[in-house]
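One letter stands for each residue in the lines below.
2 protein chains.
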Amino acid sequence: MTITLALDAMGGDAGPEMVVSGANIALQEAHGVSLRFLFFGQESIIKTELKKFEKLQKISSIIHSDIIITNQIKPAAAVRSGRKSNLGMAIEAVEKGEAQAVISAGNTGAYMALSKIILKMLTGIDRPAIPAILPTLNGKTVVLDLGANIDCTPENLVEFALMGEAFARQLLKIDHPSVGLLNVGSEELKGNATVQTAAHFLRELPDLNFQGFVEGDDITAGKTDVVITDGFSGNIALKAIEGAARLIRHFLKEALSGSLRGKIGYVIAKPAFKALQNRSDPRLYNGAVFLGLKGIAVKSHGGTDAVGFANAIKVAISMVQQNFIRNIEERVALLTSQAETE
Amino acid sequence: MTITLALDAMGGDAGPEMVVSGANIALQEAHGVSLRFLFFGQESIIKTELKKFEKLQKISSIIHSDIIITNQIKPAAAVRSGRKSNLGMAIEAVEKGEAQAVISAGNTGAYMALSKIILKMLTGIDRPAIPAILPTLNGKTVVLDLGANIDCTPENLVEFALMGEAFARQLLKIDHPSVGLLNVGSEELKGNATVQTAAHFLRELPDLNFQGFVEGDDITAGKTDVVITDGFSGNIALKAIEGAARLIRHFLKEALSGSLRGKIGYVIAKPAFKALQNRSDPRLYNGAVFLGLKGIAVKSHGGTDAVGFANAIKVAISMVQQNFIRNIEERVALLTSQAETE
Numbered sequence: 011m012t013i014t015l016a017l018d019a020m021g022g023d024a025g026p027e028m029v030v031s032g033a034n035i036a037l038q039e040a041h042g043v044s045l046r047f048l049f050f051g052q053e054s055i056i057k058t059e060l061k062k063f064e065k066l067q068k069i070s071s072i073i074h075s076d077i078i079i080t081n082q083i084k085p086a087a088a089v090r091s092g093r094k095s096n097l098g099m100a101i102e103a104v105e106k107g108e109a110q111a112v113i114s115a116g117n118t119g120a121y122m123a124l125s126k127i128i129l130k131m132l133t134g135i136d137r138p139a140i141p142a143i144l145p146t147l148n149g150k151t152v153v154l155d156l157g158a159n160i161d162c163t164p165e166n167l168v169e170f171a172l173m174g175e176a177f178a179r180q181l182l183k184i185d186h187p188s189v190g191l192l193n194v195g196s197e198e199l200k201g202n203a204t205v206q207t208a209a210h211f212l213r214e215l216p217d218l219n220f221q222g223f224v225e226g227d228d229i230t231a232g233k234t235d236v237v238i239t240d241g242f243s244g245n246i247a248l249k250a251i252e253g254a255a256r257l258i259r260h261f262l263k264e265a266l267s268g269s270l271r272g273k274i275g276y277v278i279a280k281p282a283f284k285a286l287q288n289r290s291d292p293r294l295y296n297g298a299v300f301l302g303l304k305g306i307a308v309k310s311h312g313g314t315d316a317v318g319f320a321n322a323i324k325v326a327i328s329m330v331q332q333n334f335i336r337n338i339e340e341r342v343a344l345l346t347s348q349a350e351t352e
Numbered sequence: 011m012t013i014t015l016a017l018d019a020m021g022g023d024a025g026p027e028m029v030v031s032g033a034n035i036a037l038q039e040a041h042g043v044s045l046r047f048l049f050f051g052q053e054s055i056i057k058t059e060l061k062k063f064e065k066l067q068k069i070s071s072i073i074h075s076d077i078i079i080t081n082q083i084k085p086a087a088a089v090r091s092g093r094k095s096n097l098g099m100a101i102e103a104v105e106k107g108e109a110q111a112v113i114s115a116g117n118t119g120a121y122m123a124l125s126k127i128i129l130k131m132l133t134g135i136d137r138p139a140i141p142a143i144l145p146t147l148n149g150k151t152v153v154l155d156l157g158a159n160i161d162c163t164p165e166n167l168v169e170f171a172l173m174g175e176a177f178a179r180q181l182l183k184i185d186h187p188s189v190g191l192l193n194v195g196s197e198e199l200k201g202n203a204t205v206q207t208a209a210h211f212l213r214e215l216p217d218l219n220f221q222g223f224v225e226g227d228d229i230t231a232g233k234t235d236v237v238i239t240d241g242f243s244g245n246i247a248l249k250a251i252e253g254a255a256r257l258i259r260h261f262l263k264e265a266l267s268g269s270l271r272g273k274i275g276y277v278i279a280k281p282a283f284k285a286l287q288n289r290s291d292p293r294l295y296n297g298a299v300f301l302g303l304k305g306i307a308v309k310s311h312g313g314t315d316a317v318g319f320a321n322a323i324k325v326a327i328s329m330v331q332q333n334f335i336r337n338i339e340e341r342v343a344l345l346t347s348q349a350e351t352e
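Protein chains in written order, with our numbering: chain H, 11 to 352; chain P, 11 to 352.
Same shape as in the complex, but just chain H (with noise of 0.2 Å):
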């Protein structure tokens, strides 16, 4: 089967240099999977971009549009311009099931809009969610909201944890994810009116295996297997602990410069940093599933380059191959359905 991919090719601070690279990064790692690339955008730009790449030229179309949605465009006036602008025409087609996933690293809010209103919901599920998955002592752990739901209801806090519960048994392949609410404190009473409201419905679920509260340690401590919060604290703490890496590195850096041995030390370990580097990467970890949507749109970091538009492009692929819709539509309709008749 080939797999076809709509592309924002306007989208990220980058633009289409870095769509374009990122998709021959992806069409050279894509071992015995057959792509297909839909470039939506600028067609004299994303042609001079394609020239470059004889390989992904042959395997890639371009769908010139004049409307292109920036950075600057606010999500109401992006749904009035609607499915005649490169966004819009891109999500339009996974829709009408000429590509399996869109994939853009442009306007967050504007990107969502047209999904929410192209795509449509799943059943039960008011708002989409982007969830991010990050690294831990011992795993990994989705977080949702990450920045989608600036204001959230309780309900919208119940909605994200059975997605986020959908998404952990798909993606994390476990049978019964152990789920959190983010929060000042783990006793019951800590927190506003809205999480002790979410907490509440939560624990009436008899199918979910919720943990009550979490606190911003225990993410990185892989406490739960998913953690959840609404868009602001959930974006201010993926933010936070990227800077604290980045501090953490930075001090190793120093240290190790600061001195004679450290410096020797660092020369003999160098495969061991590299290593974690690697692991560290934030690049690795860049493309998000706005998840509750009835197809897949991936977005990708707006400030990343080609490497992580490539990471954004396999989690599209990875999603695809696992019917990734199918499967979490059946499992938020059993928990929601279980929601209801509480």
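No lab work stands behind these hints, which were simulated from the structure alone.
Wrong hints could be hidden among the right ones.
Below, a list of computed lysine-lysine pairs in the BS3-like style, where the Cα atoms sit at most 27 Å apart [to be verified]:
| # | chain 1 | residue 1 | chain 2 | residue 2 |
| --- | --- | --- | --- | --- |
| 1 | P | Lys84 | H | Lys263 |
| 2 | H | Lys284 | P | Lys263 |
| 3 | H | Lys263 | P | Lys304 |
| 4 | P | Lys263 | H | Lys233 |
| 5 | P | Lys263 | H | Lys263 |
| 6 | P | Lys84 | P | Lys280 |
| 7 | H | Lys273 | P | Lys273 |
| 8 | P | Lys284 | H | Lys273 |
| 9 | P | Lys280 | H | Lys284 |
| 10 | P | Lys263 | H | Lys273 |
Given the structure of chain H, go ahead and fit chain P onto it with the hints provided.
Same frame as chain H, but now just chain P:
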């Protein structure tokens, strides 16, 4: 001048043994500073602990109370027991001038509520805030609030900015500390209504070096000298940073112990790793003042050990030496008068 410190002997997960040992470490390391300690709590237990340290015992007094503020007591109940509890008596010692600062590793909510009632708030400040001082790529950054105020209005955030600016001037010795407001993006339109309104107020303050919105990773990048946020997101961000630092150190250990070259490199560069360990030891950053009070009240992390508690004592000593309250009061008075005339 002798500095007298009031210690809540019963607070913290490790209790009187930790508090008394911590005081002993602080005493040993207080070169040239004349200290006295007042221990508030159960006399018999404190006495037993004090007997272990002859020199400490000589400069210490025990003030007995049968009413102990534990972690299980709610703030409202603590307030009712008021000045009769061990914690209330310790705070009162500062109000009466018998001690220059109070230090507790106990119940945060009760400690803050009692401090607010007994020590009173500075003019123009409605609620106390807890700042943390974090290491960054280029120095140090003050972040507040760290969990004292879960639900915040725009006015609360503005007060945090005024207090944080005054604190950073005092602590970091910077003439015009830059101030950022934590948000999910640095663009002016991002975020919820609370941060939007607070940013609007802050932009109008003529004497405040307000730099607009900052993101989670800007904290440890040191983008601004002060980062303002509500206690919910602030607590999560701080703990997320602690957790991420732990994860990277764990990855480093795994990477080095996974190969012979890694192990040899580690042995040779050991002093450098030791320096890294020391620099990122969270115990060294223990001890947060309640900002906005008319007296010095320092909160130690509840889970700390004697070394961490000694550091909280050192924070208190340094504040007494710097005439902290008077300086903060003057600066906050100047800034709030500008805020009011706007």
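The hints, checked one at a time:
1. Of the supplied pair hints, the one linking lysine 84 of chain P and lysine 263 of chain H is violated, its CA atoms being roughly 46 Å apart against a limit of 27 Å.
2. Using a Cα cut-off of 27 Å, the hinted pair lysine 284 of chain H and lysine 263 of chain P holds, with the two alpha carbons roughly 13 Å apart.
3. Pair hint lysine 263 of chain H plus lysine 304 of chain P does not hold up; C-alpha atoms about 43 Å apart against a cutoff of 27 Å.
4. As the CA atoms of lysine 263 of chain P and lysine 233 of chain H are separated by approximately 20 Å, the hinted pair is consistent with the 27 Å bound.
5. About 15 Å separates the Cα atoms of lysine 263 of chain P and lysine 263 of chain H, which keeps this hinted pair within 27 Å; it holds.
6. Taking the CA atoms of lysine 84 of chain P and lysine 280 of chain P, the gap is near 46 Å; set against the 27 Å cutoff, the hint is violated.
7. The straight-line distance between the Cα atoms of lysine 273 of chain H and lysine 273 of chain P is roughly 15 Å, inside the 27 Å bound, and the hint therefore holds.
8. Taking the CA atoms of lysine 284 of chain P and lysine 273 of chain H, the gap is near 14 Å; set against the 27 Å cutoff, the hint holds.
9. Between lysine 280 of chain P and lysine 284 of chain H the CA atoms are separated by roughly 18 Å; this keeps the pair inside 27 Å, and the hint holds.
10. The suggested pairing of lysine 263 of chain P with lysine 273 of chain H holds, with an alpha-carbon distance near 18 Å, which does not exceed 27 Å.
Against the hints set out earlier in the document, violations occur for numbers 1, 3, 6.
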